[in-house]
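Asker: Below, each chain spelled out in residue letters.
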Amino acid sequence: MKPSKTVVALFALVALVQLAVVGWILYAHHRVMSQGELIRLDLGNMWIYDLSDDTEIFIGPIITPISKDAVFEYSDPFPPAEIYESLPAWIVFETNEEGFSEPERWTLNRPRDRTDYLEVRLQNMGRADPDKLGINYLFGNYRLDNFTFSEELTRLKELGLYDGSLSRGVQYQASAYIRIYKGRYAVERIHFDVSREEEGEQNPLQLKQENESQSESATSTGAAE
Amino acid sequence: MKKEARRAAERWFDAGILDAETLQKIEQFESERNESGPDYLRTVLTVAGGGMVALGLVLLVANNWSVLSTVAQVTLAVSLLVSAQVFAGYVLVRKTTSRALRELSASALFIAIGASMVIISGIYQMSGSVTGLIQVWAILGLPVVYLMRSYVASVLYLIMFPVLSYNLAISGITQGESTWPMLVLLLLWLPYYWLMSQSKPWLGVTRLHHILLPLVLLTIIPGFYTHGAGLLAGYAALGLLLTLTGLSGFSDPRSGLKNAYITTGLLTTAFVLWLLSMGYVWRDMNEQRLMHLPDLLRTGFLAAGVIWLGLRGGKGDDRMQRIWLLLIPILAAFGLYLLLFDTFIPVIVSNLTLLALALMLVFEGNRRISLGYLNLGLFFLSVQILSRFFIDDWPLWVRGAGFVVVGLMFMLANRKLLNTRKAVANPKIRFGGDIS
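Here the protein sequences line up with chains A and B, keeping their order. Residue numbers for the first sequence follow my numbering, so the first one is 1 and each next one is one higher. Residue numbers for the second sequence follow my numbering, so the first one is 1001 and each next one is one higher.
The set of hints was computed from the structure by calculation and includes no laboratory data. Be aware that one or more of the hints could be misleading.
To be verified - What follows is a list of derived Cβ distance ranges for each label pair:
no.	chain 1	residue 1	chain 2	residue 2	range
1	B	1367	A	3	42 to 52 Å
2	A	3	B	1071	34 to 44 Å
3	A	31	B	1094	38 to 48 Å
Even glycine gets a Cβ: it sits at the ideal position worked out from N, Cα and C.
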């Protein structure tokens, strides 16, 4: 039985509405990214460790608070065991002097079959005050631009800065760049900066330079002898 | 003809009970019946095959997703929806007779609507509410169910409700999201369900809907309650309402435990009564929470439905209809708890109500010669008694004796019912007469 003209017309109308809604979502998202105010959120320091093989990377813990302005209220105990079992990698953020003993959870998830990029999953497990900072509503997978873990670790190993053991890691300064427009948020990128030096800590790049200068001086000494 | 039926017919033919002409007539009748029925296998294989092709394409694209530019990603997301729309439109206009293609195109369009929205949100790393996303998806997908008359799309639509309810439970309520749109979305779908159950009650997919709808109702009801104490009363009333809906023949014409409304309703009511039969459940209730007015109103609404259906009467002389009377002791138990601030009497009332439900099922099973009802009643009885062994501090010999009594009851009741069945099925044996 052929459908009546009314059914066909209704179907066409429904299809147009579906396209309009998807188009509107596209426009709303595009507006945030093009007109939104870019803010940089300090995520603090992190250490990157390599576990037993190249397929697993452990990142954490963060010792400094996420942000001075970020006030979170936590309810869930962290970390649940299943997180460690299910994820190949993760980030742990901890707050200290602000008086919040329980940590916010930001998991870093890297697909098992990929080695060329990382995804950070930001999950708010507790209840947060929406007036304080928008970060609590962020949810999704965020690609880390210009940051390749496997290459980075290989490079650091070659430089002798990193031996792959749990006892020694590489310190990074992490930041999230977020666009905010009319109450909506979008993470533009997460940035790991290896060049920023923290007080009392030795910067890996500095170590690299020291190593290079030591090896150069050793070579030159050897040559002189 | 089904394999079992064919074997039986051949056996009867070999024994001389069935002549060749009759056997041929039966085979012809069955083959015509099979031809006129819906081609389930073809539909299922087409939808499954289409799904696998789509998944394969998704995997191919996903594997190279990160190397694509944002414009390419957005184009893919939108073209996914457009191509699904074109395919569905083509099937709607040109391939009107193919049920398999209709199901495939409708389900593809239904999934494409949500997928395109999710992909665009993912591309721009946007914040947002999952609840809102599913609600928009449902609003845009419901016309597809109606216009394409697709059973698979309807099932997909129903599956969204538990997901929606779960999302509301974990985040939505704390962020002030309302549960009422969920109810409106379900009500908008009901006419489709009603038409399907009235026009094609024999289809397997219609029966699947009969199973899914009560389960969906059970999963969404917590979203309408503020406190767990009120929810228990709500679940008890909903259990009775589902049972009575099943008994009334609404939607599902089958009787007995084959009717998913009756089975789900009885299990829900019994489970709530079992919980209420334990003292610590009442002790954990907070009187103020129980007296929460919106929760009370919702339970009152469900209870009014139970009373209306109970007084309206079911199909024919159905004594099971009296099950609505259990609402009285259930509500009385809550009322007595609020009046006396004591758990002892509500626990006794709940235990007696569960006992009454179990006995009612046992007697109904005996009356209808239904092993299903009988064993369900005995099962409720056993659970009630056995749970007392573990929860209450009874002496060991009492527990042992209890086990023996319950086991004997099962054996004797089933034996008696099987004998009755045999006697009814074969009057010659029952009355000792001779047909010749």
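Asker: State for each hint whether it applies.
Answerer: Hint check:
Restraint check, residue 1367 of chain B to residue 3 of chain A: a C-beta distance of roughly 50 Å satisfies the suggested window 42 to 52 Å. About 36 Å separates the C-beta atoms of residue 3 of chain A and residue 1071 of chain B, a value consistent with the hinted range of 34 to 44 Å. A beta carbon spacing of about 39 Å between residue 31 of chain A and residue 1094 of chain B agrees with the range 38 to 48 Å that was offered as a hint.
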